[in-house]
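Chemist: Sequence:
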Amino acid sequence: MSRPRSTMSIPSTPLFASRADPAIRPSLTRGRSEFVYFPGMIRIPEGSAPDFKNKSWTIAAEVTVPQGGANGVLATMGGRYGGWALLMQDGKPEFAYAYSNQPEHKFRVISDQPLAPGNHILRVKFEYEGGGIGKAANATLLVDEKQAAQGRIQRTIPVRFSLDETFDVGEDTGTPVLEEYESKMPFRFTGMLKKFVVVLEPLTLSADEQRRLHEELAKAMAAVQ
1 MSRPRSTMSI
11 PSTPLFASRA
21 DPAIRPSLTR
31 GRSEFVYFPG
41 MIRIPEGSAP
51 DFKNKSWTIA
61 AEVTVPQGGA
71 NGVLATMGGR
81 YGGWALLMQD
91 GKPEFAYAYS
101 NQPEHKFRVI
111 SDQPLAPGNH
121 ILRVKFEYEG
131 GGIGKAANAT
141 LLVDEKQAAQ
151 GRIQRTIPVR
161 FSLDETFDVG
171 EDTGTPVLEE
181 YESKMPFRFT
191 GMLKKFVVVL
201 EPLTLSADEQ
211 RRLHEELAKA
221 MAAVQ
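Numbering (my numbering), first residue to last: 1 to 225.
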């Protein structure tokens, strides 16, 4: 006696991947280019945060430094295996970018002067070089609109910073972008962070590059379904 044939159909991989694509899901950030955040806004999923990949952007933190200085994370996306952080260590502003957890994939732009007590604006201009997905970028750190440091990031995250890390403001609730502050986690900023601002530049990828980007993102999301 033969077994009855199942009528249940299993979706093909491309179909399943397309359904997992975040681009077709509701989004609070899609179509927006300017965002304002405040301390305590933490554990924001990457899909609900500004999209910092494959484009130029600017971030800025309005801070007050007390007598004796301040340290800690002002904002971070992702973590050890891919991400960035704007922070202060030894009283000095610093921007760090991690392409992976390997030392050669950790990039830093650091001021050589600690911040004096008082009110300051820390800003990072992230200028994407373009020419495809995951290309290089130049990062410029400005303190009160004066250039404090500049550096080149040879490779940038093309598809996804992480599948489980988040966007945090005022502290780091995931893994550290830099190993040296792991013991201080969540490394809350010890000064006053008044607000954190993000401004995204338009995506300049070609239609074919955007299609490939969506396909890779869908595959990454499907892998954890």
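A couple of the hints might just be wrong.
As the list claims (entries may be wrong) - As a list, the in silico DSS-like pairs of lysine-lysine whose alpha-carbon atoms are at most 27 Å apart:
no., residue 1, residue 2
1, 184, 55
2, 92, 106
3, 195, 125
4, 125, 92
5, 125, 135
6, 92, 219
7, 219, 184
Simulated from the structure, these hints should not be mistaken for laboratory data.
Chemist: Holds or violated: residue 92 and residue 219, Cα atoms, limit 27 Å.
Modeler: Given pair residue 92, residue 219 is violated - Cα atoms ~40 Å apart, limit 27 Å.
Chemist: Quick one, are residue 219 and residue 184 close enough, alpha carbons at most 27 Å?
Modeler: Violated: residue 219 and residue 184 sit about 35 Å apart, past 27 Å.
Chemist: Take a quick look at whether residue 92 and residue 106 sit within 27 Å of each other, Cα to Cα.
Modeler: OK: residue 92 and residue 106 at ~18 Å, within 27 Å.
Chemist: Do the alpha carbons of residue 125 and residue 92 lie within 27 Å of each other, as the hint requires?
Modeler: Cα-Cα ~17 Å, so holds.
Chemist: Sort out whether residue 55 lies within 27 Å of residue 184, counting only the CA atoms.
Modeler: 31 Å, violated
Chemist: Can the restraint linking residue 125 and residue 135 be considered satisfied, given a maximum Cα separation of 27 Å?
Modeler: Holds, at about 16 Å.
Chemist: Taken at face value, is the distance from the CA of residue 125 to the CA of residue 195 at most 27 Å?
Modeler: Holds, because 17 Å separates the two Cα atoms, which is no more than 27 Å.
Hints 1, 6 and 7 from the list above are not met by this structure, while the remaining hints are.
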